[in-house]
Amino acid sequence: MNTETSSGAPKQKRFRGVVVINRDNCKGCAFCVEFCPTHALELDKAYNAKGYHPPVFAKPEACNGCDMCGLYCPDFAIFGYREKAEETA
Amino acid sequence: MSEQREHPVNKFLRMDRMPSIWCPGCGIGTTVNCFTRALTECDKDLDKVAVVSGIGCTGRVAGYLNLDSFHTTHGRALPFATGLKVANPELDVVVYSGDGDLSAIGGNHFIHAARRNSDILCICVNNFTYGMTGGQVTPTTPEPAIASTTPYGAFEPTFNLPHLAASSGATYVARWTTFHVRQLARSMRDALSKKGFRFIEVIAPCPTLYLRRNRLGEALHEMRFYKEKSVIKHGADTREAALDYRGQIVVGTFVDTRRPTWLEAMNKRMSTVLGEKFVPYALPTREPKV
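Those protein sequences? They're chains R and P, same order as listed. Note that the working numbering has the first sequence beginning at 1, numbered continuously upward. Note that the working numbering has the second sequence beginning at 1, numbered continuously upward.
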């Protein structure tokens, strides 16, 4: 997994971001989608059991596991964390 | 695939009470998130943290947090917390309250808790309305916002809560919005490790009543508004931190000082007057300190 640094040189990521979504607790406020710094989330077109559109983890490669979604979510339905990348280097 | 993880907030919540009653987009849940992160970061013994709240949407926090908590009558969270702290000085007492509960119905208790410097962290979620009872006007509703009791617009002067707290004698005064989650969590963490009456005002959206009645859009629009209109001014004069209807929101840590708490002041006074005869209060299970 390579990302572009500001100098333009590819840099090996030492971790990958993971987001866990509890679809049925979501009330569809979209705070997580709006305030994700890497825009890794999108609202689902499908509904959850309550009739809201929960987020989906649309771009897992963009996520840096900062847990901003977890801080914003008023319904404790989403959180992110960092996982050590598989030893590829 | 990764191992199954649990939500980091779950261990602080009474999961049998979930999902919460809060409306979609309500800011109270976001402040609870920040509060639990602050508790995790400052590594508090959770058996020694007590949360007290009054009535209202924000008052529900005490029922949802899996800590020692008490849901008091309307506006009386601060007097209960003052007594709790005095009876058991080991506890970290946190009052979680809404703007109507704290500044209208419990307004008198608020200024006196700050004047006495009771050792309490007071978190006020300010959504400019009484959410649970149908959107009545509160002392913080700015002119000319519409509330159910002011259908032609509010016209009363409002309370500037950080200024009220600071001028009554609070030792730590901060204001954030639900947009500033990282700053809010850090501020709560700092406040948890300090002593005295600490006051944090959190501006939060009420999409169902305040925003809908005033046709201000959804909670997401309000969050964008906070992002656009808030200005961080640490150490700003709280007199200049007043809020108006759609104007600038001054946020930041305004006051951070230290002065003797109520218990310290009482112990000092009694020791001066009574000398060796005075035995400071200690928990019944412990040997009293001489």
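No lab work stands behind these hints: they were computed from the structure. Every value quoted in this text rests on a predicted model; they were computed, and no experiment measured them. Some hints could be false.
Stated by the list, open to error - Stretch by stretch, here's where chain P covers chain R in the computed footprint (C-beta under 8 Å, at least three residues): (1) 27 to 36; (2) 42 to 48.
Said to hold, decoys possible - Calculated from the model, a selection of chain P residues having no Cβ within reach of chain R, i.e. all distances over 12 Å: (3) Phe12; (4) Ala185; (5) Lys227; (6) Thr272.
Glycine included, every Cβ here is placed at the ideal spot set by N, Cα and C.
Consistency of the hints with the structure:
no. : hint     : in the structure
1   : 27 to 36 : holds (count 7)
2   : 42 to 48 : violated (count 0)
3   : Phe12    : 9 Å, violated
4   : Ala185   : 7 Å, violated
5   : Lys227   : 9 Å, violated
6   : Thr272   : 47 Å, holds
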